[in-house]
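K.L.:
Chain residues, written in single-letter form:
Number of protein chains: 2
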Amino acid sequence: MTDVSVHEVGTRDGLQSISTFVPTEVKKSWCRAEFHAGVREIEVCSLVPLKLIPQFSDAGEVVRHALALEGLTVAALVPNLKGAEKAAELGVHKINYVISVSESHNRANVRRSTEESAADFERIVALCRSRPKEARPVVVGGLATALGCTMEGKVPEDRVRRLAVRLAEAGADEIILADTVGYGDPAMVRRLFGAVTRDLGAVPITAHFHDTRGLGLANVLAALDAGIRAFDASLAGLGGCPYAPGASGNISTEDLVFMLESMGLKTGVNLEKLLAVRRTVCAALGDQPFHGAIAKAGLPKGFTVATSA
Amino acid sequence: MTDVSVHEVGTRDGLQSISTFVPTEVKKSWCRAEFHAGVREIEVCSLVPLKLIPQFSDAGEVVRHALALEGLTVAALVPNLKGAEKAAELGVHKINYVISVSESHNRANVRRSTEESAADFERIVALCRSRPKEARPVVVGGLATALGCTMEGKVPEDRVRRLAVRLAEAGADEIILADTVGYGDPAMVRRLFGAVTRDLGAVPITAHFHDTRGLGLANVLAALDAGIRAFDASLAGLGGCPYAPGASGNISTEDLVFMLESMGLKTGVNLEKLLAVRRTVCAALGDQPFHGAIAKAGLPKGFTVATSA
Chain U
1 MTDVSVHEVG TRDGLQSIST FVPTEVKKSW CRAEFHAGVR EIEVCSLVPL
51 KLIPQFSDAG EVVRHALALE GLTVAALVPN LKGAEKAAEL GVHKINYVIS
101 VSESHNRANV RRSTEESAAD FERIVALCRS RPKEARPVVV GGLATALGCT
151 MEGKVPEDRV RRLAVRLAEA GADEIILADT VGYGDPAMVR RLFGAVTRDL
201 GAVPITAHFH DTRGLGLANV LAALDAGIRA FDASLAGLGG CPYAPGASGN
251 ISTEDLVFML ESMGLKTGVN LEKLLAVRRT VCAALGDQPF HGAIAKAGLP
301 KGFTVATSA
Chain P
1 MTDVSVHEVG TRDGLQSIST FVPTEVKKSW CRAEFHAGVR EIEVCSLVPL
51 KLIPQFSDAG EVVRHALALE GLTVAALVPN LKGAEKAAEL GVHKINYVIS
101 VSESHNRANV RRSTEESAAD FERIVALCRS RPKEARPVVV GGLATALGCT
151 MEGKVPEDRV RRLAVRLAEA GADEIILADT VGYGDPAMVR RLFGAVTRDL
201 GAVPITAHFH DTRGLGLANV LAALDAGIRA FDASLAGLGG CPYAPGASGN
251 ISTEDLVFML ESMGLKTGVN LEKLLAVRRT VCAALGDQPF HGAIAKAGLP
301 KGFTVATSA
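The listed protein sequences correspond, in order, to chains U and P.
Under the numbering used here, the first sequence has 249 at position 249, and the numbering climbs by one with no breaks.
Under the numbering used here, the second sequence has 119 at position 119, and the numbering climbs by one with no breaks.
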């Protein structure tokens, strides 16, 4: 049993920021190797129109490969009903649908209002519920820019809470609160995650933090204090922000696992194996902005590596 | 009034890791500019034998310059009684004496046992108390490797607590607990800083964190939770660990101020001015490993910059 779930999103959030096509074999072996290192949930692709992100043109093959790894939860990000239909056809276990809380960000991202996106979510839930029980994916309502927006600045907490409740009432099995642009701070995180946790009751919440401004792991600590036990992260911190060259993207999976395991929280992830995956993936991806501290500094003397889940 | 004190140590911890001599004018203008950005305590030099660290051969001139900045607390690090005598002669406001909790680290660092170093501290306290009241420096007992040691691995919490109490009983006005090698994690930090705070009662404690393994700011958050309100930090995260090339050193002052101010904690530091100091200092220091996220990513839209103290 683990105390905290670590979800790999580098295969989606990281790869979508790489403009050259990454070979399918690299994607497949990345998923496989992380699974063997103990990671039990991977967002393996984004099901967006291929003309927007050709990187995921091999999504079908990657999903099929990941589905063969027994015990792995295979997730796909979808921006709309069409993506959800494709995800359901492919047989993913989990559909991560994303709405930006900030109206401007949502329009820039998917060219419609937050309200239209929320209405679309209801159709996605209906789609999933129409499927036979054994082939019904978990539906996740993700809220991007939940801690701030590069276009609108501060995002009102009330708006985030209302949208989270709306998605839960529409039938979300889980909620993701995402600090898409790295604006969150620990005080804000404790407040917001605490409030949404109280609002939603039993609906599980995942925290998705970017380390753009260096506060990623401090925000993880704050979210842990608020009772959050599931975190998205990206191997080598892949997924830089296009508006800030040199700035890092997602929190790095290795550093997240290092912090959690150091604190005595079981993740089921074997950090030495995970660091080996990082080396292989970085070598395969070539010249990209890789982040993360533990890979550079090495594990502390006396650190106990967990057995893979 | 400020909620949290930010102590700049880049002028000591950062400069001591630069092998080429940094011009005295650069050191002086660094101190001056940070003071004008609102920083109210700077460790301006280390008073070690010059043949060990020639970087601080101009300590006298730098200290005199810093002492002229009214309202600035000028601190110097000293490794022994001789350094303390020099510091007192120069008229610094604060003497930061450092002992490694780990026996092996202390021997490697100052070639004597922790016990001998502790005994030396008593002589330093006596020296300071022998001075006229208006010229009596604050004496600080610093404990290096308080959260782990690259040579010994885990450092027993009891040992840290006993040494902290010993230095306080010997007359330390303040205590510093330092994660010299970046081994600390937030759970350990909460436990240790909580325990030492209870042990010491009214003696103020400063936290000195390195970001070697990426947990620096998460550890700051943990220390804040334990009631700590003073933090050492280094501009641009200067002060890399010699055993881990590419790994960062101290937590970066800019990122620390960004986190604290974002959380609504007043530091008295104007972050825009501080970022300007960073640009000037980095340009003057040339090719060094600079760290820190906020300088790369930029302040969030809507961030309120504090007025300088």
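Be aware that one or more of the hints could be misleading.
Any copy, or any two copies together, can satisfy a pair, since identical chains are not distinguished.
Below, in silico cross-link-like pairs of lysine-lysine (DSS-like), each with a Cα-Cα straight-line distance of 30 angstroms or less [what the hints assert, rightly or not]:
(1) K296 / K28
(2) K273 / K154
(3) K154 / K51
(4) K266 / K94
(5) K296 / K154
(6) K86 / K154
(7) K28 / K82
Please keep in mind that the hints were generated in silico from the structure rather than gathered at the bench.
K.L.:
Now tell me if each hint is right for this structure.
P.N.:
Evaluated hints:
For the homomeric pair K296 and K28, the shortest alpha-carbon distance inside one copy (25 angstroms) is at most 30 angstroms, but the shortest distance between copies (33 angstroms) is not. Proximity of K273 and K154 under a CA criterion of 30 angstroms is satisfied inter-copy only: 23 angstroms between copies versus 39 angstroms inside one chain copy. In this assembly of identical chains, K154 and K51 lie within 30 angstroms of each other by CA distance neither inside one copy nor across copies; the values are 32 angstroms within and 53 angstroms between. For a Cα distance limit of 30 angstroms, the shortest separation of K266 from K94 inside one copy, 23 angstroms, qualifies, whereas the shortest one across copies, 43 angstroms, does not.
Taking the shortest Cα distances, K296 and K154 sit within 30 angstroms of each other only across copies (20 angstroms), while inside one copy they are farther apart (34 angstroms). In this assembly of identical chains, the alpha carbons of K86 and K154 never lie at most 30 angstroms apart, being 34 angstroms within a copy and 51 angstroms across copies at closest. In the homo-oligomer, the alpha carbons of K28 and K82 lie at most 30 angstroms apart inside one protomer (24 angstroms), although the nearest pairing across protomers, at 62 angstroms, exceeds that limit.
Checked against the numbered hints given earlier, the structure breaks hints 3 and 6 and satisfies all the rest.
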